[in-house]
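These protein sequences, in sequence, are chains L and R. Position one of the first sequence corresponds to residue 0 (numbering that gives the first Met the number 0), numbered consecutively onward. Position one of the second sequence corresponds to residue 0 (numbering that gives the first Met the number 0), numbered consecutively onward.
Think of the hints as simulated: they come from the structure by calculation, not from any bench. No residue lacks a Cβ here, since even glycine has one placed at the ideal position from N, Cα and C. One or more of the hints may lead you astray.
Across the chosen pairs, the derived CB separations fall in these ranges [unchecked claim]:
hint	chain 1	residue 1	chain 2	residue 2	range
1	R	678	L	167	23 to 29 Å
2	L	29	R	634	46 to 52 Å
3	L	167	R	91	47 to 53 Å
4	L	29	R	400	50 to 56 Å
5	R	603	L	167	26 to 32 Å
Computed footprint of chain R on chain L; a stretch qualifies when at least three of its residues, placed anywhere within it, have a C-beta under 8 Å from a C-beta of chain R [unchecked claim]:
hint	stretch
6	99–112
7	140–153
8	166–179
Residues from chain R shown here face chain L by an in silico Cβ test under 10 Å; the list is partial [stated by the list, open to error]:
hint	residue
9	98
10	99
11	345
12	671
13	674
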Amino acid sequence: MFTHIGVLFSDVAGHSGESFRRNLAGLLIAAAAVIALHWCLSLRGRRSANAKARWNRWEKLVYLGAMVSVAVLGFTSFFAVLRYGMLSGWLLFAHMFGAGLFVGVLPFLSVTWCEASRFEGHRTAARNDGPRRFFWFPKLMFWMILLGGFIVTVTMLLSMLPLLGTDGLIQLLDIHRYAGLLVVVAMMMHGYCVALQRVGWR
Amino acid sequence: MAMHALNPRCFGCAVCVIALLSAAVVRAERSRFSMTHSRSQYVHWVTLYDADEKTIDPTDPNAKPYSPVHTCGRCHDYEAIGRGHHFNAIHGQASAGRPGEPWIWTDTRTGTQIPLSYRDWSGTYRPEELGITAWDFVLQFGRHLPGGGPGEPRAAEGGDAGESKQEAVGDEDAANGEAGDKVAEEDRATGRWNLSGHLAVDCMICHTNHPTFSQEAWWEQIQKENFGWASTAALGLANIDGSVSELPDDFDPATVEEDSRDQLPKTRYAPLRINAQKKVFFDIVRKPHDDACYYCHSNRFVGENTGEEWTYDEDVHLRAGISCTDCHRNGLEHHTVRGYEGELHPSGESVATLSCRGCHMDGEKAGGRMGAPKPLHKGLPPIHFEKLSCTACHSGPRPGEEALPLQTALAHGLGLPSHHYGPEIPPGVVAPVFTRDDRHVLYPHRMVWPAFWGSMKGDAITPLNPETAYGALRRTFRVRRGSTFTETLKDVRLSSEDKKSILGEKRAKVSGSELTEEEKAKLTVLEETRALEAFQKKLVEALGQLKEVIEDEGAEPVYVAGGKAYRLNSDGAAETFENPAAAPYAWKLGHDVRPARWSIGVKGCYECHAVGTPLFEGKVTALGPALDREPVTYAMYELAGFNKTKVDAWNQSFQRRTAFKWMGFMSMGIVGLILFSYLLLGVSGLFGAFRRR
């Protein structure tokens, strides 16, 4: 796929593509559908009796910053690609600012939530000092956000350096697109799971 | 009734006859035009033929000039060649293609510079709309015409100037009521073709390898109305004595007295060019030399902010050993490839690999033609290839504070010796001007502002025929021979009262050479003011004069120049107003291509993406013959249709790009460390779990 796109310069007009553009809408709709379906099913499920883990201000702030930045990045890019076939103009401008926020927030997100998102097969008494923050699924989503965010940022930073030629830059752009999509979907899922936990449904 | 069976012998004879006839037809079709199908050059010792297809005896004192149609055309399909790109503009069937350089009708006596084209390019005028016949066109532009096209007016063609002019004249006559004069003029022009002969496509303009081919001789003959003699003179085959321009309109060689026939031009062939068999050697090359192309496709920058001509480099492709025709090639039909993206070749062949992108990049076909290197464009985001053409970064002069005035071969007659190639000679053309096409791709252009006297009805302005305008305005402007409209307007003499008011009574009596620079500058400013006042006055007078010439009901006279339109207001004074007819005409430039290290952006993003960069903020000032204290001036972003706020926001955001990169890598360093460390923890946890099990 990458080679095919790399040699077809006409695809540059849509920033590669029709394949991403085709997949984007479907994946977003699929993610939204999964969330909606799970929510419907949860309505019939029993409420969790577990105590809720309380978030401090800093954690809320960081999480909010991450959500906002991902929302801005996702909206600007996906809307532009779906509507115009490429990201340019004011939308690109807004995307850049969202990127700045995301790049600033991501390390704080990782430091703040990495421990709480750690997978533990065996909880010791010493560790059992409060209600769990997240169950396994949001933990997974967190690491996907982190990994995807790392990839999406590094690909864009590398493309700002005079290292790669046009073919390489197009490939980086492809990776950036799909990594970005992963981050947005993972963030949607994580946010949904957090909301479930906040209302006591999980 | 008994049916007689066909006699087998008769049947066989019939078959043989049919076969022989077919073979003869096929053989005749094959042999009509000679081909060698070899890459080596064919040596052309040719018999000359005249316009009547008769053999020319070059030793005959009454020999006629050779005709390319019947000399070259004996072996090469002249009809097909005549439909080629350089000759077919006047033919109604030819595709317009991408707008290119127009023919600019310049009349220095009236301040006229009108972009003309037979190709229906938006922003240009068809010559016949202005009452310019093919005859007029050849006399004006023949210096850089290769022959054919308007030089061979054909009544049968849809685009024929003569016939369509008759229709246009008819319409114009109805409007202007000058039926008799105009038709008589057209008849005069048509009749003179019989004397001058046609200006046929001269193959040798491009295909000669002989250093004696002279464009100057070509033009000299055209100026004398010796169209049929131009090819012979240009090739240096013969000396031409006499001039058709001195013959009266009613001169008919068939009816005049014998001694009067001597008035027709005489052709004296040079004996050294003829061999014993009375054949002439035509030193021909299949691929024209670059010099042939340069004659029509040269340009030079003029004015204060340009360097000397020797400081400019040739196109990088020529330096690399590629010739013009390696890219701008054609087959026998002479549909020369122009080399722009998306070009549709009339032959149906794909010419994508002969554009910049097609050759250097991989598109619908693999690039690398003729060993073209593939540029890496390291670090250049691919969006630039959507927003910019290749030429935006690689061709023409680098954008500067202001677009530079330019002279071109077609517009200014470069290539012919002249003492008058100063920077002020019209028409005013500037480059580079960066604008976007209808696909919103940025291209560098050359630009000219039309200037003409015309009539306006409603909002539509129509230029007047330049000669008509001259006839009406010559007494108003009184432009002397050797001077121009603008020079005449600027030629003001300050009165002694004026000098006294500026310099004081004592200094006003001092001679010019003794004045200080400051005093001279003050006088210059006053001269400019007086000149502007005089222009306004003459403008009012001229527009008033034109009212008598324009008889279209409800139409008013106007003058268009320098991006503005002028008309008389209700008070009888001249006022300016905006009108699309005053808009400039721009055509994309492709050359000269600069080396990669001289391309725009090679030094980094900030070359373009910074506040005040020439690509966005460079100035383009309208050039025109009218005097204007405040000429129309654009910023590049205005002409390109960019939103200023967006451009500024974008360019300012680049100020923080470096800081963003540093911050980004540091942030990702932290995130990477966390990912890596938790990965290790996870892996060790997994191993631990396996061990416990």
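Hints versus structure:
Distance hint check for residue 678 (chain R) and residue 167 (chain L): the Cβ-Cβ separation is about 26 Å, which falls inside the suggested range of 23 to 29 Å. The supplied range of 46 to 52 Å is met by residue 29 (chain L) and residue 634 (chain R), whose beta-carbon atoms lie about 48 Å from each other. The supplied range of 47 to 53 Å is met by residue 167 (chain L) and residue 91 (chain R), whose beta-carbon atoms lie about 50 Å from each other. The hinted range of 50 to 56 Å is satisfied by residue 29 (chain L) and residue 400 (chain R), whose Cβ atoms lie roughly 55 Å apart.
Distance hint check: the CB atoms of residue 603 (chain R) and residue 167 (chain L) are about 18 Å apart, inconsistent with the given range 26 to 32 Å. Only residues whose beta carbon comes within less than 8 Å of a beta carbon in chain R count, and the stretch 99–112 of chain L has 7; three or more means the coverage holds. Interface restraint, the stretch 140–153 of chain L with chain R: holds (7 residues with C-beta to C-beta distance below 8 Å; minimum three). With 3 residues bearing a CB less than 8 Å from a CB of chain R, the stretch 166–179 of chain L meets the requirement of three and the coverage assertion stands.
For residue 98 (chain R), the interface hint is violated, the least distance from its beta-carbon to any beta-carbon of chain L being 23 Å, above 10 Å. Here the hint on residue 99 (chain R) is broken, as its CB sits about 25 Å from the closest CB of chain L, past 10 Å. For residue 345 (chain R), the interface hint is violated, since its Cβ never comes within 10 Å of a Cβ in chain L; the closest pair sits about 23 Å apart. A distance limit of 10 Å between C-beta atoms decides the matter here; for residue 671 (chain R) the minimum to chain L is near 6 Å, and the interface restraint holds.
The interface hint given for residue 674 (chain R) holds, since its Cβ lies 6 Å from the closest Cβ of chain L, which is under the 10 Å cut-off.
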